[in-house]
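Given next are the chains, with one letter for each unit.
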Amino acid sequence: MRVEGAACVNEPREQSVLRLEGVGKSLGGRRILNDVSLSLRKGELKVLIGPSGAGKSTLLQCANCLIRPDQGEIFLDGERLNQHNSGQLRLFRRQVGMIFQDFNLFDHLSAQGNVSIALEKVRGLSRREAGERALAELARVGLADRAALYPAELSGGQKQRVALARALAMDPRAILLDEPTSALDPELVGEVLAVIRDLAAGGMTMLMATHQMDFARALADEILFMDNGRIIEQGGPDVLLRQGAGTRTLDFCTRLSLELAGRDGLKANGLELLP
Amino acid sequence: MLEDIYAVAGELPYILFGSLITLEVVFFSLALGLVLGIPLALAQVYGPPALIRLVGLYVWFFRGTPILVLLYLFYFGLFIALRLDVSALASSCIVLGLTSAAYQAQIFRGGIEALPHGQLKAARALGMSDLQGIRHVILPQALRLALPGWSNEFSILLKDSALVHVLGVPELLAASHHVASRTGGHFTYYILAGLIYLSITLVGLKLLRGLEAKTRLPGHAHA
Ligand SMILES: Nc1ncnc2c1ncn2[C@@H]1O[C@H](COP(=O)(O)OP(=O)(O)OP(=O)(O)O)[C@@H](O)[C@H]1O
Ligand SMILES: [Mg+2]
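Top to bottom, those sequences are chains F and U.
Whatever position you read off the first sequence (first residue = 1), add 176 for our numbering.
Whatever position you read off the second sequence (first residue = 1), add 949 for our numbering.
Everything labelled a hint here was simulated from the structure, so no lab data went into it.
Each hint should be verified, as a subset may be incorrect.
[Claimed, not checked] Example chain U residues on the side facing chain F (calculated, C-beta under 7 Å, incomplete): (1) A1071; (2) L1075; (3) G1076; (4) H1085; (5) V1086; (6) G1143; (7) S1148; (8) R1165; (9) H1169; (10) A1170.
In this text, a Cβ means the ideal position worked out from N, Cα and C, and glycines have one as well.
Working from the sequences, and respecting the hints, build out all of it.
So, in structure tokens, the structure goes:
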């Protein structure tokens, strides 16, 4: 559909980079995702929150077709993905980065090897070019001096930053992050969030499941609250998390911070909240 | 005494030739087992249900049938029926190799299944095809994990290789048996054979240990 006149000027900005329409998924006879639609415009950061088992991981993996949705459509830059065309699927996945809760680094490769392997095997760069690009990406996440180390020699925070470098090296149109800091010791959360914050500032399009509410409040363009496989509330943090907003989102976040405070008991002021 | 030693020395070339045949049998059987074992393992982990059942059948058959039965069956039965002119040596390597493939498949399957699920997922998320993921991510790690079990398979296969003397392959046991009956020095030549088997095991396992050490990943040493 052509849009006339002035609207055209805005079109490239307004068009979504990644869009899900009516995505559904059943696993083991249970409906785990139900008619989920969302869209990410260029440079947007949307945050996905919700109780455990809500379907956040499933949704993120459906969004780059690691799990194939059994209903709905996915669009990248307005183009519908045909998930049965394996060539198109691979091209799509390489343009949509994925960050996992437990890093999933390749243990048999150095940090540099982790970043360069797909550059070489998927994008067809020469070994030297791939190695150089990998170093540049590692530098971008502050790990230039760790390039030769293997995953077993890195801290959790460093591993997750290597994973980010690995995703960034593919020049993705968008990045999906599944609780990127949940497996980290509290003191390592900050360094990973700092990288993500830089990415957001640099205009990267991202969808991120997280329990880091201060991060979400400060940086999210929109919060999507999920429960039982559906997005049940969505809106800017200022709307959903406003004092007395009476939303499920606010309710959930309040309980979350109480739980955290409870767990950390006396050292509550050690809570790792973002600046 | 001195004469005895001269006598044994005189038979040595024959026995050493037998040892070479044994090494040959072990090498080709292990190689065939490796080349078949890896795809069998991959099929068992990633294949469709029908293929998994088929591989299961294969593994069951070759693990469940005595090697002697297979040697007779293939050499005197199958190859003749198919009008194939396969030497006793080649038949032996084929039977031991097919059997080893069944065991090696289980060793490699163990290695593949020990890897976290996320590995192949991460490879796919980078745009790799499943084949690329298996080639560049799964196998390099799974083979490392499988190496200790594989060393075991080497030492078992070495001993199984003695069975092929029933087809008249002049390997180490057959050669020793031959010399022993001819000279009557049973004690001497069977001890010699045993020592040679032990030495091959020793050297082979040392080499494989070396390979393990060489391929061990940084940060994975047991202090
Ligand atoms: N392969 C599967 N087969 C059956 N059910 C599954 C499968 N994978 C996930 N589920 C179920 O789907 C639901 C959603 O899981 P999912 O991991 O997406 O939740 P989540 O919101 O990411 O939770 P968490 O916060 O704990 O990570 C859960 O109830 C889970 O038990
Ligand atoms: Mg999850």
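Next item on the list: Give me the numbers of the hints this structure contradicts, sorted from smallest to largest.
Entry: 6, 7, 8 and 10
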